[in-house]
Amino acid sequence: MCLICSNIIVVNAYSVLMSDNTNIKIDDSRNITLAVPLVSDEFKKVQKYETIHNRTSDFLLFTLVNKAYLNLTCNWLCNVAEFENDIIARTLIVSLDSNICLTIAKQWPEVECIIFNSTDEYNQPLKWGHQDYINILTLRMQLMRILADIPFVLFETDASWLRNPMEFFNNQTLVDDADIVVPIKGYLDKGQTYTFDPMIVYPTSSSKMLFQLMETRLLANSKLFDQDLLDDLCRTQYNGVICRQFEWNDIADGKWFKLAESERSNIRPYVVNNNYYVGVTNKASRQALNGLWFLSPRGICIRSKVKNMLKKYSSSENSSAKN
Numbered sequence: 001m002c003l004i005c006s007n008i009i010v011v012n013a014y015s016v017l018m019s020d021n022t023n024i025k026i027d028d029s030r031n032i033t034l035a036v037p038l039v040s041d042e043f044k045k046v047q048k049y050e051t052i053h054n055r056t057s058d059f060l061l062f063t064l065v066n067k068a069y070l071n072l073t074c075n076w077l078c079n080v081a082e083f084e085n086d087i088i089a090r091t092l093i094v095s096l097d098s099n100i101c102l103t104i105a106k107q108w109p110e111v112e113c114i115i116f117n118s119t120d121e122y123n124q125p126l127k128w129g130h131q132d133y134i135n136i137l138t139l140r141m142q143l144m145r146i147l148a149d150i151p152f153v154l155f156e157t158d159a160s161w162l163r164n165p166m167e168f169f170n171n172q173t174l175v176d177d178a179d180i181v182v183p184i185k186g187y188l189d190k191g192q193t194y195t196f197d198p199m200i201v202y203p204t205s206s207s208k209m210l211f212q213l214m215e216t217r218l219l220a221n222s223k224l225f226d227q228d229l230l231d232d233l234c235r236t237q238y239n240g241v242i243c244r245q246f247e248w249n250d251i252a253d254g255k256w257f258k259l260a261e262s263e264r265s266n267i268r269p270y271v272v273n274n275n276y277y278v279g280v281t282n283k284a285s286r287q288a289l290n291g292l293w294f295l296s297p298r299g300i301c302i303r304s305k306v307k308n309m310l311k312k313y314s315s316s317e318n319s320s321a322k323n
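Residue numbers (the UniProt record's numbering): 1 to 323.
If you're looking for bench data, these hints aren't it; they were derived computationally from the structure.
Given the structure is predicted, the values throughout are model-derived calculations rather than measurements.
One thing to keep in mind: the hints can contain errors.
Claimed, not checked - DSS-like cross-link-like pairs, simulated, lysine-lysine; straight-line CA separation at most 25 Å:
| hint | residue 1 | residue 2 |
| --- | --- | --- |
| 1 | K258 | K185 |
| 2 | K185 | K106 |
| 3 | K208 | K258 |
| 4 | K311 | K255 |
| 5 | K223 | K208 |
| 6 | K258 | K223 |
| 7 | K208 | K127 |
| 8 | K223 | K67 |
| 9 | K283 | K311 |
| 10 | K185 | K283 |
| 11 | K127 | K106 |
| 12 | K255 | K208 |
| 13 | K305 | K106 |
| 14 | K67 | K311 |
| 15 | K258 | K106 |
| 16 | K185 | K127 |
| 17 | K255 | K305 |
Claimed, not checked - Estimated spans, in silico, between C-beta atoms of each pair:
| hint | residue 1 | residue 2 | range |
| --- | --- | --- | --- |
| 18 | K312 | L188 | 27 to 35 Å |
| 19 | T281 | E110 | 39 to 47 Å |
| 20 | R235 | D120 | 19 to 27 Å |
| 21 | D41 | Q227 | 23 to 31 Å |
| 22 | A260 | P203 | 38 to 46 Å |
| 23 | N266 | Q107 | 29 to 37 Å |
| 24 | A260 | T281 | 19 to 27 Å |
Even glycine gets a Cβ: it sits at the ideal position worked out from N, Cα and C.
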């Protein structure tokens with residue numbers, strides 16, 4: 001059954017897959033086993049992403065969130081609502097919890113939100129590297145493969161957008177015939193350089209084959225990280241795929257938070273990812289300490305805080321915030 005209410009869609013889309021036909025242990029202390037969420041045929045029929053693309057004729061912005069990410073998601077929406085280019089109207093949020101879509105609709109009714117019915121365990125704060133966390137990344141890969149027929153940008157809502165990146169994203173097509181564009185790591189570990197988001201995806205045959213292979217391998221190997229697999233396939237140029245990278249000064253990661261204010265003044269990133277920091281509460285606290293938290297204690301968007309932040313990080317002649 002598919003229930004549509006305004007811009008909220010509820011789909012009974014949850015079915016399960018036990019990778020390698022084995023139980024997946026999430027946490028020995030809880031003694032819980034969970035299955036990898038598998039996108040159903042019914043969910044694939046929901047063409048909301050095409051509606052957004054046809055309406056904006058530009059990149060769709062896509063993210064997957066769970067209940068624990070409610071406040072981080074609302075904070076991101078508050079952040080980008082001040083930008084031009086109708087960023088809110090081109091955003092598609094797939095939520096594992098209905099409350100997120102209902103809460104978003106109250107303040108940002110333009111946002112398209114699809115509820116992907118899941119188990120309660122997947123709506124808890126997920127620990128990085130644990131099996132439930134990896135399973136959600138595998139679900140996200142399935143959704144990305146479905147979206148691969150249109151140009152889109154994968155993003156995470158714990159990031160801060162210091163400047164409007166949409167024109168910057170659009171200009172990436174002027175460089176060469178890239179299939180995807182992803183950030184570069186601020187810290188190089190294990191020899192990896194490719195990170196996962198924000199990711200610009202162009203609907204090319206190579207990007208589609210890349211995502212199809214990634215989906216297949218992730219579903220077959222419950223321990224495999226999407227980022228590790230992407231790094232390997234991009235390095236080897238699987239099937240001729242061209243993976244380009246943003247400059248770190250344009251799309252920064254958690255290393256930015258470690259910089260002194262004087263060092264930050266020398267770079268002007270569009271997006272700062274809130275990684276290298278574990279835990280939803282810790283991520284929110286980190287944003288608050290850096291003037292990047294815009295919600296009141298009751299979860300209401302405080303626009304004045306956003307405007308002050310944008311004024312700080314955007315030059316007056318190049319600001320793309322609304323007046």
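> Can you name, in rising order, the numbers of the hints this structure does not satisfy?
Replying inline: Failing hints, ascending: 2, 3, 6, 7, 11, 12, 14, 15, 19, 20.
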